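These protein sequences, in sequence, are chains A and B. In terms of our numbering, the first sequence has 267 at position 267, counting the first letter as 1, and numbering is strictly consecutive. In terms of our numbering, the second sequence has 101 at position 101, counting the first letter as 1, and numbering is strictly consecutive.
One or more hints might be untrue.
Said to hold, decoys possible - One side only, chain A facing chain B, incomplete, derived with CB under 10 Å:
1) Trp48
2) Gln52
3) Asp82
4) Arg88
5) Asn136
6) Ser190
7) Lys205
8) Pro297
As the list claims (entries may be wrong) - A short list of chain B residues far from chain A (calculated; beta carbon distances all over 12 Å):
9) Asp66
10) Ala356
11) Pro430
12) Arg497
13) Leu501
14) Arg532
15) Gln579
Unchecked claim - In silico SDA-like cross-links for lysine to any residue, where the CA-CA straight-line distance does not exceed 20 Å:
16) A:Lys160 with B:Trp417
17) A:Lys109 with B:Val211
18) A:Lys274 with A:Arg255
19) A:Lys201 with B:Ala412
20) A:Lys294 with B:Asp381
21) A:Lys294 with B:Ser385
22) A:Lys205 with B:Ala412
23) A:Lys110 with B:Asn81
24) A:Lys109 with B:Ala355
25) A:Lys39 with B:Leu101
26) A:Lys109 with B:Asp83
Hints were generated in silico from the structure; no laboratory data involved. Quantities reported herein were computed from a predicted structural model and do not represent experimental measurements. Note that CB positions come from ideal geometry on N, CA and C, so glycine has one too.
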Amino acid sequence: MRSRTIAAAAAFGLLALTGCGAADMTKQSSPYADAHGAKTVTLSVQSWVGAQANAAVAQYLLNHELGYRVDTVQIDEVPAWDALSQGRVDAILEDWGHPEQEQRYVADKKTIAPGGELGVTGHIGWFVPKYFADTNPDVTDWKNLDKYADRLRTAESGGKGQLLDGSPSYVTNDKALVKNLGLDYQVVFSGSEAAQITQIKQFAKEKKPFLTYWYKPQWLFEQVPMTEVKLPAYEEGCDADPEKVACAYPHTPLRKFLNARFADAGGPAAEFLKNFHWTTGDQNEVALMIADQKLSPEQAAERWAKKNESTWRAWLPK
Amino acid sequence: MSISTATTGSGSTAGTEAGAPPLRTRPRDALARHRTALVAGAALLALLLGTLLLGGGTWPARLAVDLSGPLGHASDWIIDNRDSHPLFLYFFGHISNAVVLSVRAVYLVLLAAGWAGVTTAAGLVAWRVAGIRPALTAVAAFAVCGLLGMWVPTMQTLALMAVAVTASVLLGALLGLAAGLSDRVHRALRPVLDTMQVLPAFAYLLPVVLVFGIGVPAAVLATVVYAAPPMARLTALGLRGADAGVMEAAASLGATGRQRLLTARLPLARKELLLGVNQSIMMALSMAVIASVIGAGGLGDRVYQALASVDVGAALAAGVPVVLLAVVLDRVTAAAGERIGAGPSRRTGRGWAVAAAGTVAVAVVGRYTGRLSWPDAWTVDIAASVNRVVDWMTAHLYSGVPVVGGTADWAARFTTWILDPVRDGLQWLPWWTVLLLVAVLAQLIGTWRTALTAVLAMAAIGVLGKWEPALDTLSQVLAAVAVTLLAGVATGVAAARSPRLERLLRPVLDVFQTMPQFVYLIPVVALFGVGRAPAVAAAVVYALPAVVRITTQGMRAVDPVVMESSRSLGATGWQQLRQVQLPLARPALLLAVNQGVVLVLAVVIIGGLVGGGALGYDVVFGLAQGDLATGLVAGAAIVCLGLMLDRVTQPAGKETRDA
Chain A
1 MRSRTIAAAA AFGLLALTGC GAADMTKQSS PYADAHGAKT VTLSVQSWVG
51 AQANAAVAQY LLNHELGYRV DTVQIDEVPA WDALSQGRVD AILEDWGHPE
101 QEQRYVADKK TIAPGGELGV TGHIGWFVPK YFADTNPDVT DWKNLDKYAD
151 RLRTAESGGK GQLLDGSPSY VTNDKALVKN LGLDYQVVFS GSEAAQITQI
201 KQFAKEKKPF LTYWYKPQWL FEQVPMTEVK LPAYEEGCDA DPEKVACAYP
251 HTPLRKFLNA RFADAGGPAA EFLKNFHWTT GDQNEVALMI ADQKLSPEQA
301 AERWAKKNES TWRAWLPK
Chain B
1 MSISTATTGS GSTAGTEAGA PPLRTRPRDA LARHRTALVA GAALLALLLG
51 TLLLGGGTWP ARLAVDLSGP LGHASDWIID NRDSHPLFLY FFGHISNAVV
101 LSVRAVYLVL LAAGWAGVTT AAGLVAWRVA GIRPALTAVA AFAVCGLLGM
151 WVPTMQTLAL MAVAVTASVL LGALLGLAAG LSDRVHRALR PVLDTMQVLP
201 AFAYLLPVVL VFGIGVPAAV LATVVYAAPP MARLTALGLR GADAGVMEAA
251 ASLGATGRQR LLTARLPLAR KELLLGVNQS IMMALSMAVI ASVIGAGGLG
301 DRVYQALASV DVGAALAAGV PVVLLAVVLD RVTAAAGERI GAGPSRRTGR
351 GWAVAAAGTV AVAVVGRYTG RLSWPDAWTV DIAASVNRVV DWMTAHLYSG
401 VPVVGGTADW AARFTTWILD PVRDGLQWLP WWTVLLLVAV LAQLIGTWRT
451 ALTAVLAMAA IGVLGKWEPA LDTLSQVLAA VAVTLLAGVA TGVAAARSPR
501 LERLLRPVLD VFQTMPQFVY LIPVVALFGV GRAPAVAAAV VYALPAVVRI
551 TTQGMRAVDP VVMESSRSLG ATGWQQLRQV QLPLARPALL LAVNQGVVLV
601 LAVVIIGGLV GGGALGYDVV FGLAQGDLAT GLVAGAAIVC LGLMLDRVTQ
651 PAGKETRDA
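Bound-form chain A, shown alone (with noise of 0.2 Å):
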């Protein structure tokens, strides 16, 4: 009896203590945000270092030339768009093109506001080393992969070659392409960029072939010079279909998404992201200071904002 007393005083409480007006958690920040009372802003960062390379550069002029306490997220493209909606975070830099999250996000809950243009396009494809292109010429057209399929054989891809692909968060379209395609090849996922990129050093450091999907902007070039494998071209329209492509990745403008509360009241802050824009050099130098160099994102954004104070005095609200 008793105890049943206790439970409804305790559950009275909860409600007291929650009150009992409604609490929209798409409307809850982080906790670890504004702790010294300053203004902050939260950007995604998601996992290749290119974006990493935006972020530093924006979190950098937003805390010295704006006086912004910045805190960054890392989070996977399509849930970043989620958190994005919800407001956990004000601002995604670098989109690779979501059509679907697009029309539900900014068209029809207008949660999300569009925020111009990079300055960066990025491009999807098919790499193989220029060491292996510069001694078999012919590997750069898709028509002739075949004939080398077992020089690209691993412990991974059976009897087949191996088409390494990146990770799960990335668009792709590569089993569905091998298998219109008629190709002798085994989509082998890393599962992981970082993965990928290991092996793929691996691979550069013995000279020995692969093939790759991967894309540019990317510092990794840099490092492992590649050439893009030819696949039959891109048209408007010839991936529509998931499982019937048969077609290159397109050249996509990298675009930035601001979270649509945070787009009309967040001051100069968001003035300032709207007006971010700088070109693939740019990006990849600042990429290849972290990735190539171990500095960190601070001290690469730092060197490159003191040697191209022009380009970003511009982005700067008036």
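We have chain A; now place chain B onto it with these hints.
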């Protein structure tokens, strides 16, 4: 009560401590022989019937259910209604809000105390509850966190941990209390807790993310779900184990039920309660890093970001504080547990007052000297030198090593000669023979009940439509377990014979058991290439310490009198080992197998990040693409696989020991 028991999950504590040699009586042997014959006969009959009626082939499509439609709808519904439906506004929203507020409160307190205040507080608390040595360890550990430049992430993780552990302990204690007092609840709860303890942490993440979104609330809740079961289990164990005589005495003195609980049962169960807290902390810490995949922030996020730029040194710099936190928390709670019952409590109010005053004084001094955040000048960058070592290692070991060949060659051979045949063999077997095999194995090692659960779990995988990838994952688990057992039992035997080796091994085992797996994923890829081999290697690294420890303990527990008498009969060291120690340590060895299997599975799944493929890749894919249908179904299949593996390897005696 060290880390070994902490991170290994199910039943290891009760199991290893009760590792006394079993009584070997004739009737039991006879029964066992009889049972083996019975099982063999039944299996043969089933084999005949199956061949005639079912034929061969993989799991038939008509027995599988496609859940992608309904799960896709559920996912869409949640996303569309998350900001409007009452269920979210009035229930999940408040939970999420409470988590955010409490983590924030703890975080702000930690920041306000400053590095000096936090370090002092850690030292003083450790001194009060555990003594001077743990206190020194605690101070040193926090100083190292600062030195590595990880002060703020450490505080974020600490804040998250504090909230998650408190919630886990409260929830676990409540469940344990219910199970300890009521037989019916106990019976209902036990299979649930058993199941939860064998679940790989990775499988929890997706459903939580879907409801709560990426971020701290999801991370805290996933951690609570992971860390509460050991507390519940040990609370129930402590309450149910109360001395009947004491309870009788209390009842005869006229104590009411509540008085008996508060004055007799709970105090008697103090040791188990503290052990429960210890285990909850360890589980929560191991989850803190994995939860970085869903936005936990803090140290885990640093590890995860370092992983992305293939920076092992930076990953290690963030991984070391995790290890240190684990070691400190483990030592302090363990020492506190040992102090209980060792004479009258020394925890006087004055000591605590001194501790509190000291902390406040240091914090205030820190505040007024403007030294709240760890000074940048006091940090050491270990990343560069670690990376040099790792680069050297991978450059020289990868290939071209004379005679033995490089690690890449080993990996290729391991894949071609072991992983491929096992996988192809399993997938070639007609589906019902796999079920039969599971049943026979479980029956031989355990009871008919464990056999039934194992078969049902395996069948559920087929129904979910994950038969082939599950067998792929299973082949990796089997290969990794074989390697782990070979290496682990050999090391364990050696450690049991040489106390010096054991002392040397102890810190190494501690580190490997608590080091976040993300830290060694990259070196493993650099050594073994992308594929299933690195996944297996990472799993072996993770599971080895537990197997070594359990084996060592089991060998040690062999009655010294038996050892002495066998020696006096002229047995050589080898004979002693083979004919006395190993047979007598059989329960411990079986436990080692059981633990090894569960731990290996957890990491083989994470191996999806380095090319392990199969179920692990599906979970990673589901998380990365927000694809509930793929991720959740694969997660469920992993759960079933874990359940099956646990039940198949669960020795028959274990239930009585644990209950």
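Hint check:
1. Trp48: holds (7 Å)
2. Gln52: holds (7 Å)
3. Asp82: holds (6 Å)
4. Arg88: holds (5 Å)
5. Asn136: Result: violated, 22 Å to nearest chain B Cβ.
6. Ser190: holds (4 Å)
7. Lys205: Where the cut-off is 10 Å and the nearest Cβ of chain B is about 7 Å from lysine 205 of chain A, the hint holds.
8. Pro297: Given a least distance of 9 Å, the restraint on proline 297 of chain A holds.
9. Asp66: Per Cβ check, aspartate 66 of chain B is outside 12 Å of chain A; nearest 16 Å; holds.
10. Ala356: holds (24 Å)
11. Pro430: Holds: least Cβ distance 22 Å, greater than 12 Å.
12. Arg497: holds (38 Å)
13. Leu501: Holds, because the least Cβ-Cβ distance between leucine 501 of chain B and chain A comes to about 33 Å, which exceeds 12 Å.
14. Arg532: violated (7 Å)
15. Gln579: Per Cβ check, glutamine 579 of chain B is outside 12 Å of chain A; nearest 41 Å; holds.
16. A:Lys160 with B:Trp417: Holds. Lysine 160 of chain A to tryptophan 417 of chain B sits at ~17 Å (cutoff 20 Å).
17. A:Lys109 with B:Val211: holds (18 Å)
18. A:Lys274 with A:Arg255: holds (10 Å)
19. A:Lys201 with B:Ala412: Status holds; Cα separation ~17 Å.
20. A:Lys294 with B:Asp381: holds (11 Å)
21. A:Lys294 with B:Ser385: holds (11 Å)
22. A:Lys205 with B:Ala412: Holds. Lysine 205 of chain A to alanine 412 of chain B sits at ~18 Å (cutoff 20 Å).
23. A:Lys110 with B:Asn81: holds (14 Å)
24. A:Lys109 with B:Ala355: Status violated; Cα separation ~54 Å.
25. A:Lys39 with B:Leu101: holds (18 Å)
26. A:Lys109 with B:Asp83: holds (11 Å)
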